[in-house]
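J.: Guided by the hints, dock chain L onto chain V, whose structure is given.
Number of protein chains: 2
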Amino acid sequence: MADTAPKSFPAPLARCLGELEKLQGIGHKSALRILYGLLARGPEAFNSLAESLQAVPLLVERCPECRAFREAGQPCPLCQDERRDRSALCVVESASDLSLIEATGEFRGLYHVLGGLLSPSKGVRPEDLGLDELPARLKARAVTEVILATPPTAEGEATASYVASLISAPGVRVSRIGFGIPVGSDLQYSDSQTLSRALTGRRDYR
Amino acid sequence: MADTAPKSFPAPLARCLGELEKLQGIGHKSALRILYGLLARGPEAFNSLAESLQAVPLLVERCPECRAFREAGQPCPLCQDERRDRSALCVVESASDLSLIEATGEFRGLYHVLGGLLSPSKGVRPEDLGLDELPARLKARAVTEVILATPPTAEGEATASYVASLISAPGVRVSRIGFGIPVGSDLQYSDSQTLSRALTGRRDYR
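For the protein sequence lines, the chains are V and L, in the order given. If you read the first sequence in this note's numbering, its first letter stands for residue 1404, the second for the next number, and so on. If you read the second sequence in this note's numbering, its first letter stands for residue 1404, the second for the next number, and so on.
Chain V on its own, in the form it takes in the complex:
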């Protein structure tokens, strides 16, 4: 099938198809399948999806402190949760990475969601990632450990390095998440850079 809307397609369907094709991970065929699925379900399917989409920009905002998403006007469920460990702060690239870390259950501290990575070429500066306010926040919250959980890419490493440089207070531990062979995987399938990180990041066994 050609990668354009079928010729007999009414304009509103073609426009909707184009919007669906912009979604992350959705190509032409998936967008067509989604559209025909909605058509088969009827008008209500279009309307309820549209309403749930429109509600997001109206009812969701970033917490001004940790920059994670919260219901507009409501207390942040992370920053305001008294049961969380306020001495540890984890720096992540995105709300999506925050969710992945929450799902492990290994971390019960606070977060700083960058919403991107430093990139001079893309014009992303420290203040775009809320990093101008981070030192004051660490001091106010009396944070004693900052975990750098940005990805092991060039931009992720540069961002981690920049965040580390902001933290000068004595007694604040700065750590980086571990990189190496994925659990359940085989050394055979790892590239040499990953294996190299696994070796430099080795830990005492006993």
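For the record, the hints were derived by calculation from the structure and aren't laboratory data. Since no wrong hints were added, every one of them can be taken at face value.
Derived DSS-like pairs: lysine-lysine, alpha-carbon spacing no greater than 30 Å straight-line:
#1 V:Lys1425 to L:Lys1425
#2 V:Lys1525 to L:Lys1432
#3 V:Lys1425 to V:Lys1525
Far from chain V, some chain L residues (derived; all Cβ distances over 12 Å):
#4 Ala1543
#5 Ala1561
#6 Phe1582
#7 Ile1584
#8 Val1586
#9 Asp1589
#10 Thr1597
#11 Ser1599
#12 Arg1600
#13 Gly1604
Glycine included, each C-beta is placed from N, C-alpha and C at the ideal position.
T.: Structure of chain L alone, referenced to chain V:
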């Protein structure tokens, strides 16, 4: 990751995630990826997708004759196209199947889009598929060939058989699309029912 919205998710995001998960072929992880992709693109991404979705039930309708989708109030681009062959009519399950047939360029006649398949157990009756009006339409259009292009499933075959039974006029050819080994495939990969259809559907080679 658990197959529910992350715990710290604001309710409007969780609702939107739930709607995205209802889409054809979209599971929990794809829905999350789509949602985070939209969040990264900002409010405009949510609104333009929502608007294009809401336009569909308002601006698209089924042609009362062929039952394909057309712009509301506009002439049907298939039924009203004078260049199409009005003596041939192809019966398809869905608008999606119609698009696939159009994309081959092999058929330039008219269509009847069933919008489903006969199924007593699901309560789908002939009149739900526009089949009560089909004989009059064939007569009015002086159709001389009806191609049954429903899928080779139990319901598809039952529907094809029912449509064939409606066509009693002498001089109207009723044909069924061919089933057999997919082009470029190998007999090794075909199941025995497909191979059986390929044998019974054999054609003279010279």
